[in-house]
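Asks: Sequence:
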Amino acid sequence: MKHLKQISWDISKKSNPQNKCCYNGKKRTDKYSEPDNIDSILEKIYKSGIEAVYFLGGNPLISKNMSYVLSEFKKQGIVTNLVTNGTKLTIDVFEKLKDSGLNELCVNFDGIEENSISIHRKDKYRLIINNLKNIREKFGERYFLNNAMDKPQISISHTITNQNVDSFLHFARRLYQIGARSINLGFIFNDGNKKKKNKSFNFCCRKKENILLSLEKAFEILSAEYKDMIFNIELRPVYIKYLNMKYGDNFRYKTSYTKCMAHQDFLYLEANGDIHPCNVYSMSGIINFDLDRYMNLELNIKDVNCLSEALSHPRFELFHNMYEDAKHVDATNQTFVPIIICNNCFVKEDCEPCPFQFYAREHYLECEIAFEYYIDLYDKIRDKIIVIPEDSVYILDLQFSRIESKTVDEAVKKSGAIDLIGSVDWKTFQRILSLQKKGLINLE
34 MKHLKQISWD
44 ISKKSNPQNK
54 CCYNGKKRTD
64 KYSEPDNIDS
74 ILEKIYKSGI
84 EAVYFLGGNP
94 LISKNMSYVL
104 SEFKKQGIVT
114 NLVTNGTKLT
124 IDVFEKLKDS
134 GLNELCVNFD
144 GIEENSISIH
154 RKDKYRLIIN
164 NLKNIREKFG
174 ERYFLNNAMD
184 KPQISISHTI
194 TNQNVDSFLH
204 FARRLYQIGA
214 RSINLGFIFN
224 DGNKKKKNKS
234 FNFCCRKKEN
244 ILLSLEKAFE
254 ILSAEYKDMI
264 FNIELRPVYI
274 KYLNMKYGDN
284 FRYKTSYTKC
294 MAHQDFLYLE
304 ANGDIHPCNV
314 YSMSGIINFD
324 LDRYMNLELN
334 IKDVNCLSEA
344 LSHPRFELFH
354 NMYEDAKHVD
364 ATNQTFVPII
374 ICNNCFVKED
384 CEPCPFQFYA
394 REHYLECEIA
404 FEYYIDLYDK
414 IRDKIIVIPE
424 DSVYILDLQF
434 SRIESKTVDE
444 AVKKSGAIDL
454 IGSVDWKTFQ
464 RILSLQKKGL
474 INLE
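Per my numbering: the sequence shown = residues 34 to 477.
Any given hint could be a false lead.
Calculated pairs, DSSO-like style, for lysine-lysine (alpha carbon to alpha carbon, straight line, at most 30 Å) [unchecked claim]:
hint : residue 1 : residue 2
1    : Lys471    : Lys460
2    : Lys184    : Lys157
3    : Lys360    : Lys292
4    : Lys447    : Lys460
5    : Lys279    : Lys292
6    : Lys131    : Lys171
7    : Lys439    : Lys417
8    : Lys121    : Lys157
9    : Lys131    : Lys108
10   : Lys260    : Lys381
11   : Lys260    : Lys292
12   : Lys279    : Lys471
13   : Lys157    : Lys241
14   : Lys335    : Lys107
15   : Lys166    : Lys184
16   : Lys413    : Lys447
17   : Lys80     : Lys47
18   : Lys381    : Lys250
19   : Lys171    : Lys129
20   : Lys260    : Lys413
21   : Lys129    : Lys107
22   : Lys38     : Lys107
23   : Lys47     : Lys171
24   : Lys38     : Lys292
25   : Lys240    : Lys250
26   : Lys166    : Lys131
27   : Lys439    : Lys413
Since the hints were made in silico from the structure, they are not lab data. Only a predicted model underlies this, so the values are computations on that prediction, with no experimental measurement involved.
Produce the complete structure using the sequences and hints provided.
Replies: Quick look at the structure:
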């Protein structure tokens with residue numbers, strides 16, 4: 034039996050207010066809005082050796098079982114992460130979460146002006162702001178810091194939409210003032226995403242370049258002003274490397290986004306007990322994914338002795354077969370991304386996009402932006418000679434001691450390639466740039 038490491042769990046589908054972009058929309062809020070056989074579910078989670086649980090929803094803070102479940106997971110040493118819209122996050126609720134052993138708390142906050150918080154159906158701007166400020170005043174700023182020892186660590190989740198993209202700089206500055214030091218930045222890009230039904234929030238991929246350029250201007254300012262503010266960005270990892278190279282070290286990516294979660298010893302558990310390899314409901318209408326056929330293979334937690342059994346169920350087998358077929362179709366049609374970039378990308382081990390939702394070249398525009406930057410930089414420094422200062426000799430590994438006194442071109446050149454991208458060892462080139470930035474090598 035395969036080992037299952039982490040799950041996302043909709044412990045409640047109830048929300049307050051209903052998020053317009055939530056995958057648990059009105060059609061999916063049914064009588065199973067919250068499980069009643071909670072101890073049985075917990076036992077099946079324990080048997081599977083789960084290491085981490087991510088609570089989604091709905092709003093998990095509405096769940097009558099939340100404190101109990103967190104306390105039980107704390108006893109088992111299971112890491113917990115909870116996502117909430119912040120409307121119920123009072124001082125008392127935060128203290129209860131803290132005492133129950135929650136590790137990470139992510140607050141969805143998608144605008145800073147009162148009239149821009151329209152992803153949530155009612156204006157909750159002041160309520161969320163005041164809740165965060167009250168927590169900081171009561172418990173101190175240490176819960177907002179990156180890599181904080183005190184738990185739960187608080188971060189902000191922000192979705193870039195057509196309505197708030199121009200106010201991002203102001204948004205980030207405002208959150209910094211109230212203590213936030215970590216922002217998880219998501220996007221509504223894909224035409225294939227179910228969120229497309231909310232036309233006022235979505236912007237098509239044709240506008241993606243302008244959106245990225247606008248954000249880069251904000252990133253440049255923010256990275257200069259706030260060295261301790263971290264942005265976890267849901268874009269391709271090579272683009273995040275590019276941002277760090279240009280603007281500082283404020284930018285991160287998480288493989289929970291950049292790599293297919295269905296291939297990472299993961300599953301998604303609904304409040305009604307249904308089990309999935311990922312959130313397949315976002316794939317309604319997606320090319321190469323037959324949702325009706327998939328849903329006919331019913332799989333519920335009541336049908337298994339432990340969650341790990343789900344990994345070998347016919348539903349999961351069908352999903353993975355469709356996954357491989359989609360990758361093959363995309364690659365054959367050369368729409369899965371410019372193949373040459375993927376083959377030579379220096380962070381490809383951290384990048385496995387979902388082929389159902391990321392299939393067109395425009396979905397990977399940020400990769401091309403990043404490589405254009407690296408190619409231009411390569412042309413500028415290819416004739417520079419690599420010099421290793423004496424105090425760096427013992428820090429660097431054997432690979433870099435061998436390239437001293439060579440030109441950058443000699444250090445990264447690969448033979449036999451018929452194009453520029455394929456002729457460069459971009460992983461070595463990236464490391465040369467990184468070491469130069471740290472002052473461990475010089476280019477003369």
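Asks: Next step is simple, just say for each hint if it's right about the structure.
Replies: Hints, verified against the model:
Only pairs whose Cα atoms come within 30 Å are accepted, and lysine 471 paired with lysine 460 is accepted, the gap being roughly 17 Å. In summary, the hint linking lysine 184 to lysine 157 is supported, as the alpha carbons are separated by about 25 Å, within the 30 Å threshold. Proximity of lysine 360 to lysine 292 is assessed by CA-CA distance (about 14 Å); at most 30 Å being required, the pair is judged to hold. Proximity of lysine 447 to lysine 460 is assessed by CA-CA distance (about 12 Å); at most 30 Å being required, the pair is judged to hold.
With a C-alpha separation of about 24 Å, the suggested pairing of lysine 279 with lysine 292 holds against the 30 Å cut-off. A C-alpha spacing of about 13 Å is found between lysine 131 and lysine 171, which places the hinted pair at or below 30 Å, so the restraint holds. Straight-line distance between C-alpha atoms of lysine 439 and lysine 417 comes to about 8 Å, which keeps the hinted pair within the 30 Å bound. For the proposed pair lysine 121 and lysine 157, the alpha carbon gap of about 11 Å is at most 30 Å, so the pair holds.
Restraint check for lysine 131 and lysine 108: the C-alpha separation of about 14 Å stays at or below 30 Å, so the hint holds. At roughly 28 Å between alpha-carbon atoms, lysine 260 and lysine 381 fall within 30 Å of each other, so this suggested pair holds. Restraint check: the Cα-Cα separation between lysine 260 and lysine 292 comes to about 28 Å, which is no more than 30 Å; the hinted pair holds. Using a Cα cut-off of 30 Å, the hinted pair lysine 279 and lysine 471 holds, with the two alpha carbons roughly 13 Å apart.
Among the hinted pairs, lysine 157 with lysine 241 is consistent with the structure: their alpha-carbon atoms are about 28 Å apart, no more than 30 Å. Between lysine 335 and lysine 107 the CA atoms are separated by roughly 24 Å; this keeps the pair inside 30 Å, and the hint holds. Between lysine 166 and lysine 184 the alpha-carbon distance is near 17 Å, which keeps this suggested pair within the 30 Å criterion. Under the criterion of a C-alpha separation no larger than 30 Å, the hint pairing lysine 413 with lysine 447 is consistent with the structure, at around 18 Å.
Of the supplied pair hints, the one linking lysine 80 and lysine 47 holds, its CA atoms being roughly 28 Å apart against a limit of 30 Å. Between lysine 381 and lysine 250 the alpha-carbon distance is near 27 Å, which keeps this suggested pair within the 30 Å criterion. As the CA atoms of lysine 171 and lysine 129 are separated by approximately 14 Å, the hinted pair is consistent with the 30 Å bound. This hinted pair checks out: lysine 260 and lysine 413 have alpha carbons roughly 28 Å apart, not beyond 30 Å.
Pair hint lysine 129 plus lysine 107 holds up; C-alpha atoms about 13 Å apart against a cutoff of 30 Å. For the hint linking lysine 38 to lysine 107, the alpha-carbon distance of about 16 Å falls within 30 Å, and the restraint holds. Only pairs whose Cα atoms come within 30 Å are accepted, and lysine 47 paired with lysine 171 is accepted, the gap being roughly 28 Å. Using a Cα cut-off of 30 Å, the hinted pair lysine 38 and lysine 292 holds, with the two alpha carbons roughly 15 Å apart.
Between lysine 240 and lysine 250 the alpha-carbon distance is near 16 Å, which keeps this suggested pair within the 30 Å criterion. Between lysine 166 and lysine 131 the CA atoms are separated by roughly 17 Å; this keeps the pair inside 30 Å, and the hint holds. Proposed proximity of lysine 439 and lysine 413 is supported: the alpha carbons are some 16 Å apart, at most 30 Å.
Checked against the numbered hints above, the structure breaks none of them.
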